Amino acid sequence: MSKPSQLATQVQEELKFHIECYAEDLMNKGVPRSEALRRAKAELGSIPASSEQCRTAWGTRFIDNLRADLRFAARMLSKSPSFTAIAIGSLALGIGANTAIFSMAKAVLLDQLNVPQPGQLRLLAWRVKGHSIVHSSWGEFHSTPDGSGSTSFTYPVFEQMRRQNHDLGDLFAFKNLGRLNVSVDGEAEVLQGDLVSGNFYQQMQVQPQQGRAISPSDDTAGATPVAVISDAYWQHRFNRSQSALGKTILVNLVPVTIVGVNPPLFTGAKGALSSPQLFLPFSVQPAVYPYQTADSLLSSGKVWWMQIMARVSPGTDEQKARAALDVAFKSAIRATAIIKPNESIPNIEVNDGSRGLNQAQGQMAKPLWSLMALSGLVLLLACANMANLLLSRSEARQREIGVRLALGAGRWRIVRQVMTESLLLAVLGGLAGLALGAFGKKAIVAMLSGPSEPLIISNGFDWGVFAFCAALSIITGLLFGAAPAWQLTRTQANTTLKDRAQTVTRRQRGLAGKFIVVFQVALSTLLVISAGFFLRTLINLNRINPGFDPHNLVLFDVRPPLKLYTGEKQIQLFRQLTDSIAAQPGVESVALTSVPPLANSYDTNDFTPEGAKLDSDSQGVNESTVGERYFETLRIPIVAGRAFALTDTETSPKVAIVNQALAKKYFPNQNPIGKTFSTTDNKQNKLVFHIVGLCADAHYASLREDPPPVFYLNYRQAPEVDWGMTYAVRTTSARAAITPALRRAIQSIDRNLPLVDVRTQQEQIDQLLSNERIFADLTVSFGVLALVLASIGIYGILAYSVSRRTNEIGIRMALGARAEQVMRMVLGEASWMTLIGIVAGLGAALASGRIIASQLYGLKAHDPATLAGAAAVLVLVALAASWLPARRAATIDPIKALRHE
Amino acid sequence: MAQKQDQGMELLQGTLDMLVLKAVSLGPLHGYGVLLRIQQISGNRLEVPQGSLYPALYRLEHEGWIAGDWGQSENNRRARFYRLTTAGRRRLDAETRKWHEMADVIGAILSTAAEEI
Numbered sequence: 001m002s003k004p005s006q007l008a009t010q011v012q013e014e015l016k017f018h019i020e021c022y023a024e025d026l027m028n029k030g031v032p033r034s035e036a037l038r039r040a041k042a043e044l045g046s047i048p049a050s051s052e053q054c055r056t057a058w059g060t061r062f063i064d065n066l067r068a069d070l071r072f073a074a075r076m077l078s079k080s081p082s083f084t085a086i087a088i089g090s091l092a093l094g095i096g097a098n099t100a101i102f103s104m105a106k107a108v109l110l111d112q113l114n115v116p117q118p119g120q121l122r123l124l125a126w127r128v129k130g131h132s133i134v135h136s137s138w139g140e141f142h143s144t145p146d147g148s149g150s151t152s153f154t155y156p157v158f159e160q161m162r163r164q165n166h167d168l169g170d171l172f173a174f175k176n177l178g179r180l181n182v183s184v185d186g187e188a189e190v191l192q193g194d195l196v197s198g199n200f201y202q203q204m205q206v207q208p209q210q211g212r213a214i215s216p217s218d219d220t221a222g223a224t225p226v227a228v229i230s231d232a233y234w235q236h237r238f239n240r241s242q243s244a245l246g247k248t249i250l251v252n253l254v255p256v257t258i259v260g261v262n263p264p265l266f267t268g269a270k271g272a273l274s275s276p277q278l279f280l281p282f283s284v285q286p287a288v289y290p291y292q293t294a295d296s297l298l299s300s301g302k303v304w305w306m307q308i309m310a311r312v313s314p315g316t317d318e319q320k321a322r323a324a325l326d327v328a329f330k331s332a333i334r335a336t337a338i339i340k341p342n343e344s345i346p347n348i349e350v351n352d353g354s355r356g357l358n359q360a361q362g363q364m365a366k367p368l369w370s371l372m373a374l375s376g377l378v379l380l381l382a383c384a385n386m387a388n389l390l391l392s393r394s395e396a397r398q399r400e401i402g403v404r405l406a407l408g409a410g411r412w413r414i415v416r417q418v419m420t421e422s423l424l425l426a427v428l429g430g431l432a433g434l435a436l437g438a439f440g441k442k443a444i445v446a447m448l449s450g451p452s453e454p455l456i457i458s459n460g461f462d463w464g465v466f467a468f469c470a471a472l473s474i475i476t477g478l479l480f481g482a483a484p485a486w487q488l489t490r491t492q493a494n495t496t497l498k499d500r501a502q503t504v505t506r507r508q509r510g511l512a513g514k515f516i517v518v519f520q521v522a523l524s525t526l527l528v529i530s531a532g533f534f535l536r537t538l539i540n541l542n543r544i545n546p547g548f549d550p551h552n553l554v555l556f557d558v559r560p561p562l563k564l565y566t567g568e569k570q571i572q573l574f575r576q577l578t579d580s581i582a583a584q585p586g587v588e589s590v591a592l593t594s595v596p597p598l599a600n601s602y603d604t605n606d607f608t609p610e611g612a613k614l615d616s617d618s619q620g621v622n623e624s625t626v627g628e629r630y631f632e633t634l635r636i637p638i639v640a641g642r643a644f645a646l647t648d649t650e651t652s653p654k655v656a657i658v659n660q661a662l663a664k665k666y667f668p669n670q671n672p673i674g675k676t677f678s679t680t681d682n683k684q685n686k687l688v689f690h691i692v693g694l695c696a697d698a699h700y701a702s703l704r705e706d707p708p709p710v711f712y713l714n715y716r717q718a719p720e721v722d723w724g725m726t727y728a729v730r731t732t733s734a735r736a737a738i739t740p741a742l743r744r745a746i747q748s749i750d751r752n753l754p755l756v757d758v759r760t761q762q763e764q765i766d767q768l769l770s771n772e773r774i775f776a777d778l779t780v781s782f783g784v785l786a787l788v789l790a791s792i793g794i795y796g797i798l799a800y801s802v803s804r805r806t807n808e809i810g811i812r813m814a815l816g817a818r819a820e821q822v823m824r825m826v827l828g829e830a831s832w833m834t835l836i837g838i839v840a841g842l843g844a845a846l847a848s849g850r851i852i853a854s855q856l857y858g859l860k861a862h863d864p865a866t867l868a869g870a871a872a873v874l875v876l877v878a879l880a881a882s883w884l885p886a887r888r889a890a891t892i893d894p895i896k897a898l899r900h901e
Numbered sequence: 001m002a003q004k005q006d007q008g009m010e011l012l013q014g015t016l017d018m019l020v021l022k023a024v025s026l027g028p029l030h031g032y033g034v035l036l037r038i039q040q041i042s043g044n045r046l047e048v049p050q051g052s053l054y055p056a057l058y059r060l061e062h063e064g065w066i067a068g069d070w071g072q073s074e075n076n077r078r079a080r081f082y083r084l085t086t087a088g089r090r091r092l093d094a095e096t097r098k099w100h101e102m103a104d105v106i107g108a109i110l111s112t113a114a115e116e117i
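Going down the list, the sequences are from chains H and D. Numbers 1 to 901, taken from this note's numbering, label the letters of the first sequence in order. Numbers 1 to 117, taken from this note's numbering, label the letters of the second sequence in order.
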């Protein structure tokens with residue numbers, strides 16, 4: 001019944017039946033058949049009119065009108081394909097940019113873990129005021145002046161709380177171990193691994209796609225070590241072969257049997273963005289991942305390191321559950337840890353766990369919000385552009401509208417027609433934008449993924465993103481359709497019909513269009529200035545002299561399995577590796593360091609200068625444990641004294657080299673050489689070092705900060721070397737050419753040692769600056785997009801104004817105006833709009849400068865060169881965009897122009 | 001026009017809906033049947049404009065006061081039969097009451113003699 005066509009046939013059938021019945025009655029009274037039919041039809045009135053009335057009565061008139069409007073709109077759009085293409089194109093760019101950024105933001109900020117009912121997951125945390133009983137933690141930990149908090153727990157506390165918890169479902173646990181050495185069929189590589197409790201899969205309600213999950217019986221002491229692997233790793237290493245199941249691999253040299261493969265989108269509990277490749281039961285920790293200060297973390301009441309989750313069932317009284325858990329937590333602490341008099345016991349917190357630990361959020365939230373703001377500006381610009389184009393068109397259509405008004409069309413009817421057209425455009429633009437957004441998202445994901453840890457962002461159809469895109473399209477449609485529709489309602493039927501003759505002198509008509517152009521130029525100025533800021537920040541960061549020579553340096557990491565290499569054996573391994581690498585052809589010089597330069601990696605240790613008392617004056621200072629030829633290899637100049645030498649051994653006097661920043665801070669106006677300082681090892685033993693050399697400052701972890709004070713120790717004398725080393729190789733060959741030689745050198749010492757993360761120093765710097773680069777790339781693309789949209793806007797409004805003023809210009813030229821005068825007139829109009837827009841944009845940029853100031857490097861938020869540069873770019877683009885219409889105006893033939901009317 | 005006046009009175013504005021509701025309240029009818037019944041009850045004194053009948057039927061159906069179903073007519077043809085719904089019954093009662101009140105008031109006004117004022 002709802003379909004108009006169905007209704008129409010029904011009405012017709014009824015009317016026909018009526019006519020026939022009536023005609024029959026008349027015939028029964030003796031009227032001849034033909035006459036009877038004629039009269040029957042005449043009395044009923046015309047069938048189309050009748051059925052039209054019936055449809056109005058039924059209420060389908062609205063749908064009919066909508067269809068007619070849509071058909072008309074489609075016809076109008078297909079009549080001017082270039083307009084339609086520009087319109088849909090600019091909308092697609094605006095909507096696409098927003099959709100891409102929004103999908104990213106959604107994945108990073110909103111997406112939940114890919115498990116059934118993630119909303120039921122709770123993540124336990126604790127918070128304490130004052131001194132905490134927690135002294136040793138591994139993983140996330142945050143402290144504020146009045147207390148501290150964390151999501152990390154000790155294993156005994158977890159076990160005891162789990163036994164005593166009866167309210168919050170079954171507690172389960174996980175821990176991201178970071179990088180693990182894994183070797184499969186003799187091929188070694190580094191993977192990410194998670195430890196999970198035996199009930200983890202059961203509570204997460206996830207079934208592996210192949211094989212079986214980790215079960216409670218796997219998580220008991222003495223059980224055969226098993227692992228479940230991620231779908232991506234199954235694909236990457238085993239090519240989705242069934243033979244992966246039951247295979248034994250070496251994880252940090254411990255044989256582990258693969259028993260299952262996770263479903264494709266399951267990422268574990270850390271976060272929804274990327275997945276560890278290996279999931280192992282907690283029971284393997286002592287064997288697979290020996291921790292530096294404890295035999296087994298599973299029995300250590302000291303180290304706080306693992307995360308606890310629970311799944312609440314509907315109807316759980318969470319307040320009551322939290323209170324009961326708090327009691328269990330406190331009694332567990334009392335049972336497993338020693339509490340000093342001035343220390344307070346933390347309180348348990350039950351937080352939302354639907355997004356796991358969600359560590360990505362913190363790092364990416366700020367840039368994402370800025371990018372969303374910028375892409376919003378681009379969309380606003382696209383809307384302004386559309387409003388401008390539609391306004392010009394609607395002015396051109398005033399005569400048509402006037403005719404329709406004069407023929408009795410309702411004003412509301414015409415507004416609706418115009419809005420239908422805008423919405424149709426918006427929807428088409430939105431569809432194109434959705435496609436563009438999917439493409440853009442892929443590009444951004446590729447930009448954000450590090451080489452070692454690819455991001456998992458579902459490429460499937462996302463209703464949230466679709467809804468966002470649809471809402472955006474409709475809002476933009478209403479936004480840019482409003483101006484022309486509003487203008488049309490003011491059209492007077494009689495004046496437009498007479499209007500043509502008066503256009504010669506009427507000029508205030510285009511005011512709304514001009515305002516929009518000014519607005520566009522202002523927005524573009526703002527975007528181009530932002531692009532300029534971030535581009536120059538990136539250039540400035542790249543120009544910084546790092547204090548060493550980053551060219552022709554190849555870096556790679558060595559992480560010897562802790563089980564095989566401890567203490568002296570490790571140092572011996574590093575020495576052998578150094579010698580073996582140095583002997584390879586193409587290697588000029590080789591050095592090792594505990595802290596890879598410019599990798600956002602820190603190592604701090606106590607530093608107490610000679611004479612000062614330990615504890616009272618000791619301070620955390622950046623430390624680097626390096627090999628003998630470090631300064632020579634990196635080309636960091638030794639300013640005074642000497643570098644490390646082969647004669648500095650485990651048994652010789654302990655020596656250190658400090659940089660100028662450290663000397664300036666701790667030994668002002670003194671010669672640091674010959675002085676001593678003390679530092680401590682992990683067991684808090686005091687170690688004294690003699691300063692034998694002073695080196696020039698080099699950037700340490702980042703480029704943005706000034707080189708910090710650093711002391712360098714020789715790895716053979718350093719307190720602890722337990723997290724692996726980075727080798728820096730000065731080479732004459734390219735990275736690809738030298739890599740096989742490096743691999744040979746390492747495997748000649750130990751064939752199970754993988755070569756981890758081979759990169760050039762320049763690549764390391766690029767990675768360090770990758771956020772800045774992504775930011776600069778995206779803002780520059782937004783800036784270019786803004787310029788394109790603004791030039792379309794300027795071109796559109798001028799081209800329209802010239803064509804409308806053909807008559808006037810013709811008269812001017814007939815009266816003796818020269819071509820260049822006409823051109824100057826048109827360009828002058830453009831210049832005014834541009835100048836006002838640029839001034840407004842500069843004002844907005846200055847006003848919003850404080851927001852971005854913290855993200856800039858080497859320039860201020862009111863940097864005159866950037867502001868002037870952006871203004872100059874806008875002037876050039878505006879002039880280029882107005883050149884064509886101006887030339888067309890100048891070449892108007894007066895005779896033709898006057899005949900034109 | 002002259003012919004029409006011979007046949008019957010023209011319908012008062014706005015009364016068609018009420019008459020249709022009344023007609024179908026006496027039993028299900030097709031469109032032509034509604035026309036015949038109104039004319040029959042009025043003793044052929046009332047002329048229903050045929051062109052307005054069907055829009056009225058659809059309007060009433062759209063309001064939910066009558067419901068239409070396809071069925072078999074007395075001469076074995078497919079026709080749409082209308083019957084009164086519960087909402088239609090209420091509507092008819094309300095309209096009837098209103099009509100009687102109106103008729104009373106207008107009747108009173110028209111029968112007023114000069115001396116009564």
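Keep in mind that the hints are not guaranteed to be accurate.
[Claimed, not checked] Label-pair ranges, simulated between beta-carbon atoms:
1. D/R89 with H/A49: 48 to 56 Å
2. H/A85 with D/E10: 13 to 21 Å
3. H/V31 with D/R97: 22 to 30 Å
4. D/R97 with H/N28: 54 to 62 Å
5. D/R89 with H/K79: 52 to 60 Å
6. H/E400 with D/R89: 45 to 53 Å
7. D/E10 with H/A49: 15 to 23 Å
8. H/L110 with D/R89: 38 to 46 Å
9. H/Q6 with D/R89: 46 to 54 Å
10. D/E10 with H/V31: 20 to 28 Å
11. H/N28 with D/E10: 49 to 57 Å
[As the list claims (entries may be wrong)] A short list of chain D residues far from chain H (calculated; beta carbon distances all over 12 Å):
12. Q13
13. G27
14. G43
15. R80
16. R89
17. V105
18. A108
These are computed hints drawn from the structure, not numbers from a lab. Small disclaimer: the values here were computed from a predicted structure and weren't measured. Cβ coordinates follow ideal geometry from the N, Cα and C atoms, glycine included.
Hint check results:
1. In this structure the supplied range 48 to 56 Å is violated for D/R89 paired with H/A49, their Cβ-Cβ distance being about 32 Å.
2. For the pair H/A85 and D/E10, the beta carbons lie near 60 Å from each other, so the given range of 13 to 21 Å is not met.
3. Here the CB-CB span from H/V31 to D/R97 is close to 41 Å, at odds with the stated 22 to 30 Å.
4. At about 39 Å, the beta-carbon gap between D/R97 and H/N28 misses the expected band of 54 to 62 Å.
5. The beta-carbon spacing between D/R89 and H/K79, approximately 55 Å, falls within the hinted interval of 52 to 60 Å.
6. One distance hint, 45 to 53 Å for the beta-carbon pair H/E400 and D/R89, holds here, with the actual separation near 51 Å.
7. Taking 15 to 23 Å as the suggested C-beta distance range, the pair D/E10 and H/A49 conforms, at roughly 20 Å.
8. Restraint check, H/L110 to D/R89: a C-beta distance of roughly 54 Å breaks the suggested window 38 to 46 Å.
9. In this structure, H/Q6 and D/R89 break the distance hint of 46 to 54 Å, their C-beta atoms being roughly 28 Å apart.
10. In this structure the supplied range 20 to 28 Å holds for D/E10 paired with H/V31, their Cβ-Cβ distance being about 23 Å.
11. Take H/N28 and D/E10: their Cβ atoms lie about 25 Å apart, and the range 49 to 57 Å is violated.
12. The Cβ of D/Q13 lies farther than 12 Å from every Cβ of chain H, with a closest approach of about 16 Å, so its non-interface assignment holds.
13. For D/G27, the condition that its CB be more than 12 Å from all CB atoms of chain H holds, with the nearest at approximately 17 Å.
14. Listed as outside the interface, D/G43 is consistent with that label: its C-beta sits roughly 17 Å from the nearest C-beta of chain H, beyond the 12 Å cut-off.
15. Residue placement check: D/R80 does not keep its beta carbon more than 12 Å from all beta carbons of chain H (closest about 5 Å).
16. Look at D/R89: its CB is around 21 Å from the nearest CB on chain H, clear of 12 Å, so calling it non-interface holds up.
17. With a closest Cβ-Cβ approach of about 30 Å to chain H, D/V105 is found to remain outside the 12 Å limit, as its non-interface label requires.
18. Distance check on D/A108: its Cβ is at least 35 Å (rounded) from any Cβ of chain H, clearing the 12 Å threshold; non-interface status holds.
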